[in-house]
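Residue numbers (this note's numbering), protein chains in the order written: chain Z, 1 to 222; chain U, 1 to 294; chain H, 1 to 580.
Derived from the structure by calculation, the hints contain no laboratory data.
All residues carry an ideal CB built from backbone N, CA and C; glycine is no exception.
Honestly, I wouldn't trust all of these hints.
[Said to hold, decoys possible] Computed cross-link-like contacts, DSSO-like style, restricted to lysine-lysine with a CA-CA straight-line distance of at most 30 Å:
1) K209(Z) - K475(H)
2) K291(H) - K216(Z)
3) K139(U) - K463(H)
4) K216(Z) - K139(U)
5) K209(Z) - K38(U)
6) K25(Z) - K139(U)
7) K463(H) - K209(Z)
8) K463(H) - K25(Z)
9) K139(U) - K68(H)
10) K214(Z) - K38(U)
[To be verified] Restraint ranges, calculated between C-beta atoms of paired labels, are given here:
11) A48(Z) - S538(H): 31 to 41 Å
12) A110(H) - Y223(U): 16 to 26 Å
13) I226(U) - S114(H): 45 to 55 Å
What follows is the residue order along each chain.
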Amino acid sequence: MNLLISSVVVGIPLIVLVFGIERVKPRPRDLMPVIVLTALAILGRVAAMPIPNFQPATALIILAGFFFGRHAGLLSGMLVALVSNIFMGQGPWTPWQMLTWGLVGYGAGLLGDRVSWAQPHEVEPREPEKNRYTKRRRIILLAVVIIYGVVASLLFGMIMDVQFFVAYIWESGWPGLVATWMMGLPMNVAHAASTCIFLVLTLIPWGKKFHRLKTKYGIRSI
Amino acid sequence: MAFFVGVIVVTLLSYHPLILGLSFVFAAASVIYYLGVKVLGRSLMWLGPMTAIVVVFNTVFNRRGATELFTTEHLQMTFTLESLLFGLSIALMLTAVILWFRLYQELMTSDRFLYLFAPIAPTFALSVTMVQRWIPLTKYRWQQIRDAHKPSRFAAIRSLTHSLSALMSWSMEDAIQAADSMQARGYSKSSSSNYGKNNQGKGAHDTRKRRRSSFRYFPFTTYDAIALTVVILLAVTAGLAVFFSARELAFFPVYRGVEYLSATALIAVTLLMFFPLLLEGGEQLRWRLSAQKT
Amino acid sequence: MAIIRAENLGFTYPEAQNSTFDEVNFQISAGEFVLLCGRTGSGKTTLLRQLVPALAPHGQSTGELEVKGSVGFVQQTPDNQIVTDIVFHELAFALENQGLPTQTIRRKVAEIASYFGLEYLLEAKTHSLSGGQKQILNLAATLVAEPDILVLDEPTSELDPIAAQNFLRHLARINRELGTTVVCCEHRLDEVLDLCDRVLLMSKAKGQDLGKQDIEGRNIEEQNSKEQDVQSHTAQQFVQSCLGVNRNFALYLPEPTRIALAAASAKRTPAEPVGSAVKSIKLTEWPLDVKSGRTWLIENLAVFPHAQTKPSVQSSSFSSSSLSGPPAITIRDLCFRYEREEPFIIRYLNATFSRGNVHGIVGGNASGKSTLLGLISGIHRSQLGKVRIDRNLRLAALPQNPKANFVCDTVREDLHDSNTEIDAEAVLQVARDMDITHLLNSHPYDLSGGETQKAVLAKLLLKDPDILLLDEPTKGLDAQAKQEIGRIFDQLAQQGKTLIIVTHDLSFAAEHTQTCSLLANGELIAQDQTHNFFLGNSFYTTPTNRMSRGIVDDCVIADDILRALKLEESQQKAQEAPLL
Numbered sequence: 001m002n003l004l005i006s007s008v009v010v011g012i013p014l015i016v017l018v019f020g021i022e023r024v025k026p027r028p029r030d031l032m033p034v035i036v037l038t039a040l041a042i043l044g045r046v047a048a049m050p051i052p053n054f055q056p057a058t059a060l061i062i063l064a065g066f067f068f069g070r071h072a073g074l075l076s077g078m079l080v081a082l083v084s085n086i087f088m089g090q091g092p093w094t095p096w097q098m099l100t101w102g103l104v105g106y107g108a109g110l111l112g113d114r115v116s117w118a119q120p121h122e123v124e125p126r127e128p129e130k131n132r133y134t135k136r137r138r139i140i141l142l143a144v145v146i147i148y149g150v151v152a153s154l155l156f157g158m159i160m161d162v163q164f165f166v167a168y169i170w171e172s173g174w175p176g177l178v179a180t181w182m183m184g185l186p187m188n189v190a191h192a193a194s195t196c197i198f199l200v201l202t203l204i205p206w207g208k209k210f211h212r213l214k215t216k217y218g219i220r221s222i
Numbered sequence: 001m002a003f004f005v006g007v008i009v010v011t012l013l014s015y016h017p018l019i020l021g022l023s024f025v026f027a028a029a030s031v032i033y034y035l036g037v038k039v040l041g042r043s044l045m046w047l048g049p050m051t052a053i054v055v056v057f058n059t060v061f062n063r064r065g066a067t068e069l070f071t072t073e074h075l076q077m078t079f080t081l082e083s084l085l086f087g088l089s090i091a092l093m094l095t096a097v098i099l100w101f102r103l104y105q106e107l108m109t110s111d112r113f114l115y116l117f118a119p120i121a122p123t124f125a126l127s128v129t130m131v132q133r134w135i136p137l138t139k140y141r142w143q144q145i146r147d148a149h150k151p152s153r154f155a156a157i158r159s160l161t162h163s164l165s166a167l168m169s170w171s172m173e174d175a176i177q178a179a180d181s182m183q184a185r186g187y188s189k190s191s192s193s194n195y196g197k198n199n200q201g202k203g204a205h206d207t208r209k210r211r212r213s214s215f216r217y218f219p220f221t222t223y224d225a226i227a228l229t230v231v232i233l234l235a236v237t238a239g240l241a242v243f244f245s246a247r248e249l250a251f252f253p254v255y256r257g258v259e260y261l262s263a264t265a266l267i268a269v270t271l272l273m274f275f276p277l278l279l280e281g282g283e284q285l286r287w288r289l290s291a292q293k294t
Numbered sequence: 001m002a003i004i005r006a007e008n009l010g011f012t013y014p015e016a017q018n019s020t021f022d023e024v025n026f027q028i029s030a031g032e033f034v035l036l037c038g039r040t041g042s043g044k045t046t047l048l049r050q051l052v053p054a055l056a057p058h059g060q061s062t063g064e065l066e067v068k069g070s071v072g073f074v075q076q077t078p079d080n081q082i083v084t085d086i087v088f089h090e091l092a093f094a095l096e097n098q099g100l101p102t103q104t105i106r107r108k109v110a111e112i113a114s115y116f117g118l119e120y121l122l123e124a125k126t127h128s129l130s131g132g133q134k135q136i137l138n139l140a141a142t143l144v145a146e147p148d149i150l151v152l153d154e155p156t157s158e159l160d161p162i163a164a165q166n167f168l169r170h171l172a173r174i175n176r177e178l179g180t181t182v183v184c185c186e187h188r189l190d191e192v193l194d195l196c197d198r199v200l201l202m203s204k205a206k207g208q209d210l211g212k213q214d215i216e217g218r219n220i221e222e223q224n225s226k227e228q229d230v231q232s233h234t235a236q237q238f239v240q241s242c243l244g245v246n247r248n249f250a251l252y253l254p255e256p257t258r259i260a261l262a263a264a265s266a267k268r269t270p271a272e273p274v275g276s277a278v279k280s281i282k283l284t285e286w287p288l289d290v291k292s293g294r295t296w297l298i299e300n301l302a303v304f305p306h307a308q309t310k311p312s313v314q315s316s317s318f319s320s321s322s323l324s325g326p327p328a329i330t331i332r333d334l335c336f337r338y339e340r341e342e343p344f345i346i347r348y349l350n351a352t353f354s355r356g357n358v359h360g361i362v363g364g365n366a367s368g369k370s371t372l373l374g375l376i377s378g379i380h381r382s383q384l385g386k387v388r389i390d391r392n393l394r395l396a397a398l399p400q401n402p403k404a405n406f407v408c409d410t411v412r413e414d415l416h417d418s419n420t421e422i423d424a425e426a427v428l429q430v431a432r433d434m435d436i437t438h439l440l441n442s443h444p445y446d447l448s449g450g451e452t453q454k455a456v457l458a459k460l461l462l463k464d465p466d467i468l469l470l471d472e473p474t475k476g477l478d479a480q481a482k483q484e485i486g487r488i489f490d491q492l493a494q495q496g497k498t499l500i501i502v503t504h505d506l507s508f509a510a511e512h513t514q515t516c517s518l519l520a521n522g523e524l525i526a527q528d529q530t531h532n533f534f535l536g537n538s539f540y541t542t543p544t545n546r547m548s549r550g551i552v553d554d555c556v557i558a559d560d561i562l563r564a565l566k567l568e569e570s571q572q573k574a575q576e577a578p579l580l
């Protein structure tokens with residue numbers, strides 16, 4: 001019963017968000033980065049299955065949102081959950097994952113709007129003065145995104161635990177919830193750590209590449 | 001699809017052990033029929049720890065219930081029979097639902113899924129197909145990249161990150177071509193109308209005003225319609241019957257109400273869950289008959 | 001009636017300093033099959049994209065372009081154009097975009113599938129198709145929307161010769177049976193030339209400085225506009241023009257045509273002026289394929305007084321001693337299969353590859369050529385038998401897809417990356433050797449096919465290998481780039497390196513390898529000196545050999561024929577003629 005209700009509760013915002021994406025009507029060009037990153041994330045998720053909860057998926061969703069816009073992040077998150085579960089097993093958790101990952105991507109998109117990657121002067125990287133400035137900026141940026149990534153992955157894990165709790169053991173009350181979280185904690189920490197590692201490794205080099213792609217092919221954020 | 005929604009909803013509606021048991025049995029039977037015993041075994045093995053957690057948590061943290069089993073002194077915790085039973089019921093439900101999902105996943109392939117969602121959410125549905133197309137492609141590229149770098153003596157991590165970023169660039173670069181190909185085939189003309197200046201010579205098939213339609217590969221036959229109606233009817237009957245007769249069931253404070261379960265509910269639930277196997281059986285029978293005639 | 005008309009069309013990319021092309025004028029009538037050719041980097045792709053309204057690249061365009069009718073567009077890489085995961089969905093894609101009802105789509109999908117013989121694949125996953133099937137699917141998925149004009153950008157460059165032929169046949173059939181206008185950019189002229197109605201040539205203007213590229217589109221037809229009834233003969237005229245103005249395009253022509261051209265432009269005796277042979281050659285038509293090539297050869301044999309139709313003892317310039325170098329790789333009783341249930345791909349294969357030579361391995365699709373390379377380089381592990389590589393030799397492999405090799409943002413970084421101990425000087429040296437110094441700061445994916453291949457080679461060479469394994473090094477290259485790569489291979493072999501080349505391109509193998517072997521049925525059959533190898537084959541051999549067999553014996557490559565006709569010297573000159 002609770003599972004049913006919770007699914008409906010999660011389903012409604014999910015449908016609203018899907019329609020939000022439909023409203024944007026992204027051009028195929030803008031859609032492609034999302035598809036590529038999503039495919040990578042899914043493969044990463046499936047490939048890393050043997051290592052419990054070590055997954056690059058969250059990091060990639062954050063990258064998608066951060067560099068290609070809120071709706072890109074949203075779509076990427078939802079797709080990762082939906083499609084990777086084709087391989088890993090669908091279940092009542094699918095809508096929850098879709099919603100949470102989608103929101104993680106969306107949030108990353110909002111973050112990307114605030115702290116924009118590109119500055120006009122980056123066109124001429126030769127001037128050392130500005131270059132240093134860029135470097136410092138990038139480190140700050142990296143820190144911000146990593147903090148976001150860690151928080152997001154922890155929250156993601158906790159929300160998944162809430163899902164489990166609400167569905168099956170809600171009768172046990174608060175202690176049950178806390179216990180679920182405690183049990184999930186190592187997993188969530190592993191998740192956060194993997195997100196962190198992945199972001200450190202990819203954010204700046206990939207950011208450069210994304211930037212080049214965006215200017216070369218005229219990709220807009222969605 | 002309607003069948004699965006119906007079954008899962010009915011399963012979730014109630015904690016009545018009999019219904020849950022039925023659901024579990026039929027789910028297991030269907031899984032065996034469609035996927036074989038091995039898959040069932042693997043699923044159950046994987047479900048084991050999860051159900052254990054559910055049972056333990058419900059028992060440990062739930063203090064409601066009248067029948068005390070035992071109390072631990074130093075933890076000040078009471079374990080009750082009711083909560084144990086409740087935990088078991090829920091675990092059964094969980095198992096049944098997951099088995100149904102397993103089956104759902106096997107029978108509802110992506111194109112069938114899209115069949116349902118494409119008209120409502122075209123971009124999303126298309127994205128799902130595209131991702132599915134991209135997964136094998138990305139895998140193939142990854143293999144290529146790894147092969148290309150195998151003989152070199154890089155440090156493992158460095159090589160891995162490099163390969164990953166090569167994979168990303170490569171995929172991105174090629175994906176742009178795919179986007180072009182989509183656009184060349186008229187995808188989302190409406191949103192790109194101000195894109196490119198040289199389109200004075202618009203084609204005869206100007207499709208701006210028309211909505212994108214979605215093609216359904218599977219025809220919707222009368223047979224399907226009948227089956228769908230039957231499933232919906234059964235599901236509604238079963239749902240209502242279960243809802244009304246099984247709400248007498250209560251776990252707390254005392255486990256009671258197991259005996260209130262109308263025959264209608266039972267029959268409807270059984271029929272509903274047996275439906276796909278029934279159809280398959282009928283088909284096989286007919287096949288045999290027609291084979292005998294010729 | 002002109003369906004496409006361009007007047008003074010010019011285009012400049014957003015951040016580029018110079019225009020990609022300007023002052024392009026041409027007209028294409030409905031129902032024509034037009035071949036667009038030009039050197040790499042002459043703006044072919046940009047021009048083609050201008051024709052597709054949805055794809056016009058953003059940038060500054062001048063002049064006028066009129067396209068009457070809907071346009072379908074097929075690109076180079078088969079894989080990158082497929083959008084969905086199942087064949088029928090791919091076919092329906094364009095129709096869905098038009099908003100057609102399901103019933104109509106169902107019918108059209110069925111129709112197009114039948115037309116292309118794809119019915120049995122309708123429910124297949126797209127990634128399970130072969131490259132050729134994928135490209136035909138792309139063609140079908142484009143055609144299903146019934147475009148008036150079909151624009152194709154090097155559609156066969158990623159396909160093997162047989163799949164390419166198949167694809168082009170489909171294309172010709174569409175043009176013939178449906179009257180669809182076809183504008184195709186292609187560097188495999190040998191297949192397309194006799195199919196097309198007209199050749200449109202984009203050539204670089206003379207003032208070709210390093211950075212500056214003035215490119216002008218020139219229409220052969222307009223060039224010869226005084227003549228009447230040019231429609232059906234334009235392929236012929238194109239060949240004719242290769243004798244003079246467009247000499248640098250001669251390289252792109254089919255082999256029989258090239259031989260005829262070279263023969264025509266050569267001197268028979270030192271006293272004669274260049275090109276005088278043209279007058280004596282009975283020229284009804286330039287030969288475009290092997291059949292007409294044979295006719296041409298028979299008819300004109302008498303023109304060449306010193307022709308030597310029977311092989312002389314000393315004619316074979318390949319001395320067998322060059323092959324008896326110390327073995328670099330010895331393979332004994334090699335067996336391999338990917339899965340336990342599958343049959344062996346390689347079975348009891350024995351081979352020896354000697355040092356300092358270029359070895360070619362040819363064979364059909366899926367004959368296990370790439371697998372064999374994988375086995376040699378150690379990517380795959382054999383189940384039985386052994387690959388023995390000389391201990392002192394270092395090995396480097398070039399995979400089929402060059403994109404797999406690049407990991408950095410510029411070519412320079414990538415070259416440094418290949419060997420961390422290398423200094424900038426060495427990188428520069430290799431870059432100079434490969435003639436890619438001007439590309440060092442470009443992004444690897446922005447290079448053209450030939451440039452990419454050279455960059456990858458440079459990367460491999462920086463590892464200082466003694467053995468190079470190359471998988472389809474000429475795939476997707478135009479004739480010019482092929483020649484350059486071939487020259488590099490020759491040089492490498494002279495430096496004492498051992499090269500093993502897996503290729504579909506028989507002519508390339510014939511010209512640039514010392515030994516050649518056929519991989520079939522999991523075995524290396526007929527490992528022999530290249531010359532003898534091709535002479536011994538009657539189907540799986542070069543066009544030249546097929547053309548000259550029985551008329552002028554002992555010829556495998558174009559040079560052989562010309563030598564037999566005693567024309568060698570001037571042929572060299574014709575090939576190295578300065579760019580116009």
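Unmet hints by their number, sorted upward, for this structure: Numbers 2, 5, 8, 9, 10, 11 and 13 - these are the hints that the structure violates, sorted from lowest upward.
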